[in-house]
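Peer 1: Build out the structure end to end from the sequences listed, making use of the hints.
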Amino acid sequence: RAAREYQVKYREKYISLDYNQYVTWLTDSDGQKGKNFYPDLGIFEAVKQRYPKFYVDLYSDMLRSEHIPFNIFVPFRQDLEFGKNVFNKIMGNCIQSIENIKIEFAPSPKENYLDDGTSLDAYIEYTHTDNSKGIIGIEVKYTEKEYPLDPNSKQAKDINDKNGKYYSISEQSGLYKPNSIETLQKEGGRFNYSMQVFVF
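Be aware that the sequence shown starts at 1, since it is given in the UniProt record's numbering, and climbs by one per residue.
The set of hints was computed from the structure by calculation and includes no laboratory data. Just so you know, not all the hints are guaranteed correct.
[Said to hold, decoys possible] Pairs of lysine to aspartate or glutamate, EDC-like flavour, derived with a Cα cap of 16 Å:
no.: 1; residue 1: Lys53; residue 2: Asp30
no.: 2; residue 1: Lys141; residue 2: Asp57
no.: 3; residue 1: Lys141; residue 2: Glu66
no.: 4; residue 1: Lys9; residue 2: Asp28
no.: 5; residue 1: Lys162; residue 2: Glu139
no.: 6; residue 1: Lys102; residue 2: Glu66
no.: 7; residue 1: Lys102; residue 2: Glu125
no.: 8; residue 1: Lys141; residue 2: Glu104
no.: 9; residue 1: Lys102; residue 2: Glu45
no.: 10; residue 1: Lys53; residue 2: Asp40
no.: 11; residue 1: Lys35; residue 2: Asp57
no.: 12; residue 1: Lys48; residue 2: Asp30
no.: 13; residue 1: Lys35; residue 2: Glu12
no.: 14; residue 1: Lys53; residue 2: Glu66
no.: 15; residue 1: Lys48; residue 2: Glu125
no.: 16; residue 1: Lys35; residue 2: Glu66
no.: 17; residue 1: Lys53; residue 2: Asp28
no.: 18; residue 1: Lys133; residue 2: Glu104
no.: 19; residue 1: Lys48; residue 2: Asp28
no.: 20; residue 1: Lys35; residue 2: Glu45
no.: 21; residue 1: Lys102; residue 2: Asp130
no.: 22; residue 1: Lys102; residue 2: Asp121
no.: 23; residue 1: Lys33; residue 2: Asp18
no.: 24; residue 1: Lys141; residue 2: Glu125
no.: 25; residue 1: Lys102; residue 2: Asp57
no.: 26; residue 1: Lys33; residue 2: Asp57
Peer 2: Now the structure itself:
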């Protein structure tokens, strides 16, 4: 509710735009003009290059998170030195250089990963100060809640398959205590479960 009220206030007071079906949706016309994005630094150009066809979640819905990675990470991509300095503040000066930043990145072939089209909102390739290579995977959320898992879905079957990728990669990673996988399978932990398998 607080996020909704904030976005309505922002739309009315700061960008003075009308709304569509919902008070947090910009009109299709304003969405197509890029009003859901910061109006500089080549951000909307990057959006149109990646997603040339208009769709509400990205272009108009102010409560969704789809627009946030573009607003944050396109400027970093255009100035990798600046991006490096920001991430070094977060990660304790362990980054020597950033080589690449991709938005909405899904590796291929997908069969080698989760085989379900899972993507990272931002994917960053960097060189550590010890000259090793690393990646940073970022998932952005604003107001979305984790969706309920259909017990008959492919993801449910994959998560519960003790011979599958979720189990084997989780064990190989060494990140979790013994018998903690059951916790990761539950609502609230499943997202982290998916992301670590995706990255490893």
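Peer 1: For the pair supplied as a hint, Lys141 and Glu104, is the alpha-carbon distance within the 16 Å limit?
Peer 2: Roughly 13 Å separates the two Cα atoms, so the pair holds.
Peer 1: Holds or violated: Lys141 and Glu66, Cα atoms, limit 16 Å.
Peer 2: holds, 8 Å
Peer 1: Is the straight-line distance between the alpha-carbon of Lys102 and that of Glu125 16 Å or less?
Peer 2: holds, 9 Å
Peer 1: Run the distance test for Lys133 versus Glu104: straight-line Cα separation, threshold 16 Å.
Peer 2: violated, 21 Å
Peer 1: Does the structure keep Lys102 and Glu66 at a Cα separation of 16 Å or less?
Peer 2: Satisfied, since the Cα-Cα distance of roughly 14 Å is no more than 16 Å.
Peer 1: Given the hint that Lys48 pairs with Asp28, does the C-alpha gap stay at or below 16 Å?
Peer 2: holds, 15 Å
Peer 1: Checking one constraint from the list: CA of Lys35 to CA of Asp57, max 16 Å. Satisfied?
Peer 2: Holds - the C-alpha atoms of Asp57 and Lys35 are around 13 Å apart, at most 16 Å.
Peer 1: Given the hint that Lys102 pairs with Asp130, does the C-alpha gap stay at or below 16 Å?
Peer 2: Violated, at about 23 Å.
Peer 1: Does Lys35 pair with Glu66 here, judged by a C-alpha cut-off of 16 Å?
Peer 2: holds, 14 Å
Peer 1: Does Asp18 lie within 16 Å of Lys33 when you go C-alpha to C-alpha?
Peer 2: The hint holds at about 13 Å.
Peer 1: With the threshold set at 16 Å, check whether the alpha-carbon distance from Lys162 to Glu139 stays at or below it.
Peer 2: Roughly 26 Å between the alpha carbons, so the hint for Lys162 and Glu139 is violated.
Peer 1: Taking 16 Å as the top limit, are the C-alpha atoms of Lys48 and Glu125 close enough?
Peer 2: With a Cα-Cα distance of about 23 Å, the restraint between Lys48 and Glu125 is violated, given a limit of 16 Å.
Checked against the numbered hints above, the structure breaks hints 4, 5, 10, 15, 18, 21, 24 and 25 and satisfies the rest.
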